[in-house]
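Engineer: These are the residues of each chain, in order.
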Amino acid sequence: MADRIIELKNIRKSFDGETVLDGIDLYIRRREFLTLLGPSGCGKTTMLRIIAGFETADSGDLLFEGQRINDVPPYKRRVNTVFQRYSLFPHMNVFDNVAFGLNIKKMGKAEIARRVAAMLEMVGLAGYEKRQPESLSGGQQQRVAIARALVNEPEVLLLDEPLAALDLKMRKEMQLELKRMQQQLGITFIFVTHDQEEALTMSDTIVVMSRGQIQQIGTPVDIYNEPANAFVADFIGESNLLEGVMEKDYLCRFAGYSFPCLDKGFMKNEEVEIVVRPEDVDIVAPEKGMIVCTVRSIVFMGVHYEIMLEGADGMLWKVHTTDPVEPGAVVGLYLDPDAIHVMKSSDEPLASEQEEMAALEEEEDEG
Amino acid sequence: MVKQALRWALVIAVLLFLYAPILTLVVFSFNSGKYMGNWTGFSLRWYVELFNDAVIMRSLWITLSVALIAAVVSTILGTLAAAGIHAMKNRHANLVENITYIPMLSPDIVTGISLMLLFVFAGIKLGYGTMLLAHVTFNLPYVIFSVLPKLRALPQHQYEAAIDLGATPGFALRKVVLPQIMPGILTGLIFAFTLSIDDFVISYFTSQDVSNLSMTIYSMARRGLSPKLNALSSIMFLTVLTLLIVINVRSARQGKKETV
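Protein sequences, first through last, are from chains B and H. The letter at position 155 of the first sequence is residue 155 when you use this note's numbering, and the numbering goes up by one with no holes. The letter at position 32 of the second sequence is residue 1032 when you use this note's numbering, and the numbering goes up by one with no holes.
In isolation and in its complexed conformation, chain H is listed as follows:
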């Protein structure tokens, strides 16, 4: 009994430690007063102000459009890349696969600065387009990472069995291969979208005159913390949290399906 209680106490302590900052943020986003640490009553005032702030709404639009386009483009490219890697001979496939995964491990700031240098060197004007390109780039390995295992889990000779039965290559892909790797593609898409929404460092280095939400919050915060930012951060946190939960539930379900 005592042991059990201690165990739970520890779990709660760890969770509190982890989530206390965010909890504080969310709670104070509903504060009616202007000052942190001084609770004056519940209000949605800052949320209303947030949605009336033209600068923030513009960055929200940029964040969402970049995330959506980058997610879709990187999902298409990443799926094709995964198919290519899958078709390679083992030795080559391992090499290429590992090279594609390296950017996932390299620090954002390195990716950001190197992309910026590349754009400047290539004479491309930094702006919305470069931000979009950068997002596609850093999303790609995550999509490959989600799709490749699905391709490898395909039963042997699926594509060949389909064309053997009279399916054209296009039909075989649509009706036999795609349905089976679709869960991986969707996971990759959501993953890419989440990473895009979340990104600050790479966006900061690869764009000028446009700013997404994280960049706007950063520049506003330097001029003093407005409670609007609490509301905005809360919304972003909940969005990303929801997407992560979706990804986890999906992969847990698939894992379950495979073991049955």
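This is chain B alone, in the form it adopts within the complex:
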């Protein structure tokens, strides 16, 4: 497997008896932009820190180009990290920050100056050499941190929620720039985020994690269109989540009706979870719809309207459409077979439920 630059085999890690990574198996291809995505506490940062070498796995193997590197210290690994809070060295100016790694390699002064200048040029900070980090804006500091890592020409760049501290506009800008740099330099990026939109925009591959386990690995399109379970469907994008049964191949039953769908291979009457994306629901005249609903609310979101509808069984539907309807109107909902995604039932609590559980535990701890 020549193109697998990093492989994790059955990696386990726990802190104080609490399992953080529960048997992770994953490989990362050379030159790929891979994102570890999940709610806080899912283990994504720990995984990144194990790859960087700041933490050691309790068990399992970490391979770099086929060699086991579990016991190789961080300063001997050909990876570099961009930290969430930049972690620039405040007692050094921008030049010395970026030159830090090159100075350790005992490179010639002229060569260092040339490479630092080229790297600052690439991140758009040419001429900032003599500035102190504290005199820069958050976005500029993050660019210095990226330059400081990339100047060492790592095989893999690890990014730990690098954009979380930036404002929305700056974040969008940096997303595009990071993607551009990754393509320009041909370096493997492993990016950690809890922001699903960021993950969908930037990644070649997304690894969705929850409670120390990988829920799904796939391209952004796969993950969005074919979520493996209710957790993924709920975490990525917006969705209507329903419980149903598979009556037979290509036919499922939920919300009191049977619907043709594109899924097969389930047992007869197997309990499943159904996800329907709000933008995949068509609002039609009541007699043409599969489900009859009453419009409860309509909110203009900029590009589309978000409409909440209530079915006869009390089920609430969320629909995104560019065509407004009147509140109180009775309408029909039409679901195309490819709008219905059938998933095996899983016990994985949704991200919002995980947050609630964490909040409860905290209250108990305090009480």
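One should not assume that every hint holds.
Just the calculated beta-carbon pair ranges, DEER-fashion [unchecked claim]:
1. S1106(H) x G23(B): 46 to 54 Å
2. A1153(H) x S297(B): 48 to 56 Å
3. S135(B) x Y1128(H): 45 to 53 Å
4. V1110(H) x K105(B): 52 to 60 Å
5. G17(B) x V1072(H): 41 to 49 Å
6. S297(B) x A1083(H): 53 to 61 Å
7. R1058(H) x R131(B): 52 to 60 Å
Read the hints as simulated data drawn from the structure, not as lab findings. Glycine included, C-beta positions come from ideal geometry on N, C-alpha and C.
Chain B is fixed; fit chain H onto it per the hints.
Structural biologist: This is chain H only, laid out in the frame that chain B set:
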């Protein structure tokens, strides 16, 4: 106007009240006569005699050497201790930190007597060595107190960022961590040195046959006050005052730097 004047009058009165004794001491250290309260003219006579007094010079040497060694040793140990506390989990760190600070609050006489008992119990002969050990002990919490906040003020992941960029742990400490906590270490060093020079009670209980300046002054004063002691006390006062001013200016400057 009147209000302003009253305010200043009050400030001056308070300062006079506080500093009158020391001022008297300093003034009379330049008196040519032998008797307190009887000004006979300006002279450096007592300073000359002071520096020709073998007993006092010997105690001066003891004071300075103990202060210097104790300051350096306690700074090294205290910095390591602070690093250890910093690396602990929050709950443990708080506990250990507070325990280390308790000796700062306990009376010198308790520290002195308990150290003496410990030395006697352990069969260590009281002398220069025990005095030195005692000074290292009471200096330690002050060093930790100066260094720990600097460690806590380090930006996140500084050490990790350095080793990530290829620095060995030693290099990361020297080039990234130490330069940033150095102001705290220096403050701790000066603090420790000042406390050592200043100490009487603990030294008195933890040594025999050696005496530092404070102990010498005490024993001489019991045999009647010599104006030499005025000169000596003046010098000690000015030394400690200078060091305290240095500490305060340093921390004020750092405070300023952090708020900018």
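Engineer: Hint by hint, note whether the structure agrees.
Structural biologist: Evaluated hints:
A C-beta distance of roughly 53 Å is found between S1106(H) and G23(B), which places it inside the suggested range of 46 to 54 Å. In this structure the hint that A1153(H) and S297(B) lie 48 to 56 Å apart at CB holds, the actual value being about 49 Å. The hinted range of 45 to 53 Å is satisfied by S135(B) and Y1128(H), whose Cβ atoms lie roughly 52 Å apart. Take V1110(H) and K105(B): their Cβ atoms lie about 56 Å apart, and the range 52 to 60 Å holds.
Between G17(B) and V1072(H) the beta carbon distance is about 42 Å. The supplied range of 41 to 49 Å therefore holds. Between S297(B) and A1083(H) the C-beta distance comes to about 58 Å, which sits within the given range of 53 to 61 Å. The supplied range of 52 to 60 Å is met by R1058(H) and R131(B), whose beta-carbon atoms lie about 56 Å from each other.
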